[in-house]
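Asks: Given next are the chains, with one letter for each unit.
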Amino acid sequence: MATTTDISTTPTGTEGDNSTPAVAVKNVHKTFGIHKVLNGISLSVGQGETLAVLGRSGTGKSVLLRLIIGLSQPDSGSIHIQGQNISGLSVDQLGAVRTKMGFLFQHAALYDSLTVAENVAFPLEHHRREMSKSERTDRIQGLLAEVGMGGSLDKMPSDISGGMQKRVGLARALALDPEILLLDEPTAGLDPISSREIDELILKLQREHRMASIVVTHDLFSAKTISNRLALLDQGNVVVEGTFEDLQQCDIQFVRDFLKHS
Amino acid sequence: MSGLGATEDTGIRVRPSGRNTMPASVIVDSISKIIGNFFEWFGDLGIFFWQVVRAAVTPPYEWRELMRQLDEIGSKSFPLVALAGAAIGVVISLEARYSLSRFGAKSLFPSTLVYSVIEVMGPIITGLVVSGRVGAGIGAELASMKVTEQIDAIEASAINPYRLLAATRIVACMAMLPLLTISADVCALLTGWFAQALVEPLSFHQFIESGFHGATFNAFFPPTFKTVVYGLIIGLVACFQGMRTKGGAEGVGRAATNSVVLASLFLILADVVLVKFILVVFP
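Protein chains in written order, with my numbering: chain B, 791 to 1052; chain P, 723 to 1005.
Think of the hints as simulated: they come from the structure by calculation, not from any bench.
A couple of the hints might just be wrong.
Stated by the list, open to error - Each computed DMTMM-like pair below joins lysine to aspartate or glutamate, with the alpha-carbon atoms no more than 25 angstroms apart:
1. B:K945 - P:D874
2. P:K798 - B:E990
3. B:K994 - B:E925
4. P:K798 - B:D902
5. P:K968 - B:E925
6. B:K1014 - B:D944
7. B:K1014 - B:D1047
8. B:K826 - P:E871
9. B:K945 - B:E990
Please construct the entire structure, taking both the sequences and the accompanying hints into account.
Replies: Right under this line is the structure:
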């Protein structure tokens, strides 16, 4: 088990040893008004590894993902994507880094004026301009089939369920073949069966694409199922980090309470 | 009765009259906060404008989205602008005939109508109509995208939202406003002539020849193309209000309202400066 004090010396996972971490968050602070959300947090994820970030509501889990993809800037500290510090990058430089990442938003954030197929086509149209129309169509159909939405190409986001929207959001996140996948509450608001289906889908994608993934979730079962490693956050920092078994053996009261009530 | 004004029978406490209980420091704080917000808003608008300009001039260019916006802002505003122009033409015709008759200057009717439509009413009416239709539309659309994280999703997909969403809409507004103004002018002149011709005979040929007699480039070109600035104001204010929205459905409503109100207000204020500028530069 790794705690916050020994993260810098902690191996980033079985797949990431002896290589630059896919994502490294170093001593990051973030404050909104008077509310300190992240308080010197440090984390790293190796290539091919999945880290689940757990914690109570309002502990900065989603903020952490937004900082990693550059939608917000940290007050201090640094974030490195495959060794490159993204702080202070220009919009275009940051854009180049973002093409290596896929992001699934908590509420999927599908473009409501576009169909399911057009949503998945959106990143391809902007970043794979060399693709022919037929290649693009094949790619869209392939991605939607991969997430089990092959029969809903022409549906509008408002015509499909929350679970289906998450699947489409996942297909859109995978459109550019990302090396890093960021998932914000992939099972939130879904029924237990849909949640397990999403978990199985994420596991399948990890096996096939070998991406580094960070999954923010409240769902302990989901975290245990899809991740190699878990990090539990409280008051803007990592309380404990390790495998699920490490967390179970931890004697910190907050960790015991969290596991007990999950 | 207590000293604070409580009545003996009811016990209701009333504020003693003639005494201002609000401390001066609170008033000063409120005023300084309002002034601070005012300058902060303009500062944010300036930064937003700079980001849009930088995104607009660097490739890749969003031609497809620009074409869509030209259609959305231009073609779809045409019926409304044409109708407003037609109504203004009739109103000016009625007013001008009455006023000119009083001073025995009926022969000046064609040029009065032409100049008042093309120099004054056509541009401002077009600007205000487009501000209402397009300003509210852009403000609400972008605000809705903002609160549902769609703009974040665009950014997360490594696409510059300033280029895709703001620059295309602002350029489309700037490009379509002069064309819509010309449409409004034409409709106003046609209905103005028609309203006059119903009362006393006046051929369209006579009306045009007399109305445009001695007309110069300076008389018509600058007033029509000053609407490019109106387009900039409408597009910029609506995109800015939409893309900085916070707070769910209420925020979306506020963004739409503020877009129309602020764009219309700035448009009228800008007209003051532009009229003076045109008079100085194109005498």
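Asks: None of the hints should be skipped; say for each whether it holds.
Replies: Comparing the hints with the structure gives:
no.	hint	verdict
1	B:K945 - P:D874	22 angstroms, holds
2	P:K798 - B:E990	47 angstroms, violated
3	B:K994 - B:E925	24 angstroms, holds
4	P:K798 - B:D902	21 angstroms, holds
5	P:K968 - B:E925	39 angstroms, violated
6	B:K1014 - B:D944	35 angstroms, violated
7	B:K1014 - B:D1047	17 angstroms, holds
8	B:K826 - P:E871	23 angstroms, holds
9	B:K945 - B:E990	24 angstroms, holds
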